[in-house]
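K.L.:
Chain by chain, the residues run as shown.
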Amino acid sequence: MSAQPHTLIPAANVPLADAIQEPRGAEILIEALLHEGVDSIFGYPGGAVLHIYDELWRARDRVTHYLVRHEQGAVHMAEGYARASGRVGVALVTSGPGATNAMTGIANAYMDSTPIVVITGQVPTPLIGTDAFQEVDTVGITRSCVKHNYLVRDVRDLAPVVHEAFHLARTGRPGPIVIDIPKDVSAARASYSRLKHISFPLIERKWPPDPRAVAEAAVAILKAERPVMYVGGGIVNSGAAEALLALAEELQLPVTPTLMGLGGFPSAHPLCLNMLGMHGTYAANMAVAESDLLIAVGVRFDDRVTGKLATFAPQAKVIHIDIDPANVGKNRTPEMSLVADAREALCALQAEIKSFGQPHIDRSVKRRAVWWERIREWQLQQPLRFTGSGDHIKPQTVIRELHRLTNGDALIATDVGQHQMWAAQFYPFKRSRQWITSGGLGAMGYGVPAAIGAQLVLGDQMVVAVVGDGGFQMTNQELAMAVQYDLPIKVLIMNNGYLGMVRQWQEMFYERAYSEVDLSVSPDFVKLAEAYGAFGVRATRPDELSDVLSAGLSHKGIAVMDIVVSKEENVFPIVPAGGNSRDMIVHSEGV
Amino acid sequence: MIESMEAITFSSFILPPSSFNNMRHTLSIVVADQPGELSRIVGLFSARGFNIETLSVGQTPDPHWSRVTVVTRGDDRTIEQIVKQCSRLARVREVLDVTMQPHIEREMALIDVEATPGAMRQEVLSLVAVFRAKVVDISQTGMIIEASGNKEKVEAFIELLRPMGVRDITRTGCIAIGRLSNEVASVAAGV
Numbered sequence: 001m002s003a004q005p006h007t008l009i010p011a012a013n014v015p016l017a018d019a020i021q022e023p024r025g026a027e028i029l030i031e032a033l034l035h036e037g038v039d040s041i042f043g044y045p046g047g048a049v050l051h052i053y054d055e056l057w058r059a060r061d062r063v064t065h066y067l068v069r070h071e072q073g074a075v076h077m078a079e080g081y082a083r084a085s086g087r088v089g090v091a092l093v094t095s096g097p098g099a100t101n102a103m104t105g106i107a108n109a110y111m112d113s114t115p116i117v118v119i120t121g122q123v124p125t126p127l128i129g130t131d132a133f134q135e136v137d138t139v140g141i142t143r144s145c146v147k148h149n150y151l152v153r154d155v156r157d158l159a160p161v162v163h164e165a166f167h168l169a170r171t172g173r174p175g176p177i178v179i180d181i182p183k184d185v186s187a188a189r190a191s192y193s194r195l196k197h198i199s200f201p202l203i204e205r206k207w208p209p210d211p212r213a214v215a216e217a218a219v220a221i222l223k224a225e226r227p228v229m230y231v232g233g234g235i236v237n238s239g240a241a242e243a244l245l246a247l248a249e250e251l252q253l254p255v256t257p258t259l260m261g262l263g264g265f266p267s268a269h270p271l272c273l274n275m276l277g278m279h280g281t282y283a284a285n286m287a288v289a290e291s292d293l294l295i296a297v298g299v300r301f302d303d304r305v306t307g308k309l310a311t312f313a314p315q316a317k318v319i320h321i322d323i324d325p326a327n328v329g330k331n332r333t334p335e336m337s338l339v340a341d342a343r344e345a346l347c348a349l350q351a352e353i354k355s356f357g358q359p360h361i362d363r364s365v366k367r368r369a370v371w372w373e374r375i376r377e378w379q380l381q382q383p384l385r386f387t388g389s390g391d392h393i394k395p396q397t398v399i400r401e402l403h404r405l406t407n408g409d410a411l412i413a414t415d416v417g418q419h420q421m422w423a424a425q426f427y428p429f430k431r432s433r434q435w436i437t438s439g440g441l442g443a444m445g446y447g448v449p450a451a452i453g454a455q456l457v458l459g460d461q462m463v464v465a466v467v468g469d470g471g472f473q474m475t476n477q478e479l480a481m482a483v484q485y486d487l488p489i490k491v492l493i494m495n496n497g498y499l500g501m502v503r504q505w506q507e508m509f510y511e512r513a514y515s516e517v518d519l520s521v522s523p524d525f526v527k528l529a530e531a532y533g534a535f536g537v538r539a540t541r542p543d544e545l546s547d548v549l550s551a552g553l554s555h556k557g558i559a560v561m562d563i564v565v566s567k568e569e570n571v572f573p574i575v576p577a578g579g580n581s582r583d584m585i586v587h588s589e590g591v
Numbered sequence: 001m002i003e004s005m006e007a008i009t010f011s012s013f014i015l016p017p018s019s020f021n022n023m024r025h026t027l028s029i030v031v032a033d034q035p036g037e038l039s040r041i042v043g044l045f046s047a048r049g050f051n052i053e054t055l056s057v058g059q060t061p062d063p064h065w066s067r068v069t070v071v072t073r074g075d076d077r078t079i080e081q082i083v084k085q086c087s088r089l090a091r092v093r094e095v096l097d098v099t100m101q102p103h104i105e106r107e108m109a110l111i112d113v114e115a116t117p118g119a120m121r122q123e124v125l126s127l128v129a130v131f132r133a134k135v136v137d138i139s140q141t142g143m144i145i146e147a148s149g150n151k152e153k154v155e156a157f158i159e160l161l162r163p164m165g166v167r168d169i170t171r172t173g174c175i176a177i178g179r180l181s182n183e184v185a186s187v188a189a190g191v
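In order, the protein sequence lines correspond to chains X and V. If you read the first sequence in the numbering used here, its first letter stands for residue 1, the second for the next number, and so on. If you read the second sequence in the numbering used here, its first letter stands for residue 1, the second for the next number, and so on.
Because the hints were derived from the structure by calculation, they are not lab data. Small disclaimer: the values here were computed from a predicted structure and weren't measured. Be aware that one or more of the hints could be misleading.
Said to hold, decoys possible - Residues on chain V that point at chain X, a partial pick, calculated with CB under 7 Å: (1) Arg48; (2) Gly49; (3) Thr78; (4) Glu80; (5) Gln85; (6) Arg88; (7) Ala90; (8) Lys153; (9) Ala156.
Every residue gets a Cβ at the ideal spot worked out from N, C-alpha and C, and that includes glycine.
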């Protein structure tokens, strides 16, 4: 305080005046969120977060709260928002059931390395541990599926915690952060200033690409005869698409993206072999199987990619580039590794390769002519295909038609199952963040809320949720939320009256015992859409498909397209779980 | 740790010595001294299927940080994963596999052993002398002995006491510290 004699406020009054002006924890939280650039919060109120909602009401001109219809939806929306924008998504839920409902989304963000901050209310600190109403040990139950979590016991820690949480969520390998705030902490008062430093010395983990490893990798790549770039979500997260394209084009390297990596490299690019793994293309899986050098960037050798680890890329040396040291050597021990940001590593690699001079690069490209012939043969032998449609709409046709009608520009969010794989296979992606899906966790119900979160980022641009009739019914209540806030997502239901992927496995591996997969009793999705105030439309015959899709996609508001597809279509190719590319079943005739 | 008691009372002596692929490693983890941080480490071990043989926690010279000493078993890849996964935790500052470097390991045991006056008590006392252990409590029927040393020494001592009638044992689990780099000094200190 000023010590000048002419000060008007009597010294004795100063503490009182300050005390009155000190903000509540709830207000500190909102201010801290605003400082972090948060403009949207997806949430659902409840007892333990009443102070926070009270402050949100006051701050409603500065930050928009979106009232979801289930907490799982809130977190998936935050994920969709984060995936579409590259910024940190924010969800706000209450204690107890609010937190447990949010769990699926938190685990999903953890598996897919999506930066989100989830704020949960907690019972007042004196009641913690007493089995109070709506009490669960949120930090305890979320611990194994968050990047970090906090229980804020002192209001003075709140602002530093929020700032650290955002920093942690978006740096390194991104992930979900949970901040658990007891009700008395959001009510308590403290001073707020945006602190530069945080409450605890943050352990900075930065991994600049090691020049020696870069040099070694560059030589290996130049020398490789049968290289393949196996690229994943790390490309998208680090914004490495351009660097990847540049390196691949420079050296004419074949590129195969994982499910999470789709969009990180243009699907229609001649160097792109498209997705690898369980439902990957024949060419991609064969190329990996015969490769002598696997350049793995931003991937984690997930079992859905590798199948049986021991026989995955058996002839290949592996260069593993990932920002998370724990990913390196977790499943496959690489011959060379670069713990670094994917973009930085790829740029460093390209610079190093360039330093060898054009003649070296030309020789390297020439050396691989035979390899490319091989790959082209595989592509010709076994392209992605499906049998003719007959009386029923083929699900693959639906995705192709969707691609045509959207000029390949729509952001596609999916649920989990057969439709997800068909979308991955038959919708060629042009850019990073055009594809949003639940990869690692495989959480049904992800599609609709993730699309809503993405729509918020994309404004008027087309966002299509491709979902199955099963997953749609897990979170379709969020249509009400989309209508409420006029977020004009288009929902495309691939309706086969089955839990299709499970049915496919039962057909192929369980002697067609269709145990509990029959969804033929479902609501009329057109009427359901209308009940929510959305536009609904249905196609059941192949000749209706185009018109129905056009009608849905061109509708200004929220549209639900119920596309009744052939019931027992299977996703091919398929590498049975625990198998390798030799076990790959390419199409139904092969069964 | 329940696992550690089982390991000590049964497996260490009944099972054949573990193969090279399942070597014993002592990890030293420096973590923030904050509520919940220990359970993050322990939870990580159980969630990822790593084993904990012993675990001990105490302050470092800087009271904001604790040192967790974990003894675990696994092949090289598993140990590497444990080190890396622990390093990922936001409040973990350092993870060291001290096994591979010169270090000193100690654990302490308090052993409640039957020792009635006479020959039996003399026998126990002579073992105590040989193992440089200490009697910390005594009654008509028994003694409580404090023994410390590396795992092998403590276990050998317990095995020799066992025929006398061991009534209870409490063990601290292993703690470890890196040796001073100056070898001569270590030798001079009689270590």
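K.L.:
Now tell me, hint by hint, if it's right for this structure.
P.N.:
Status of the hints after comparison with the structure:
no., hint, result
1, Arg48, "9 Å, violated"
2, Gly49, "12 Å, violated"
3, Thr78, "10 Å, violated"
4, Glu80, "6 Å, holds"
5, Gln85, "5 Å, holds"
6, Arg88, "5 Å, holds"
7, Ala90, "4 Å, holds"
8, Lys153, "35 Å, violated"
9, Ala156, "37 Å, violated"
Going through the hint list in order, the structure does not satisfy hints 1, 2, 3, 8 and 9.
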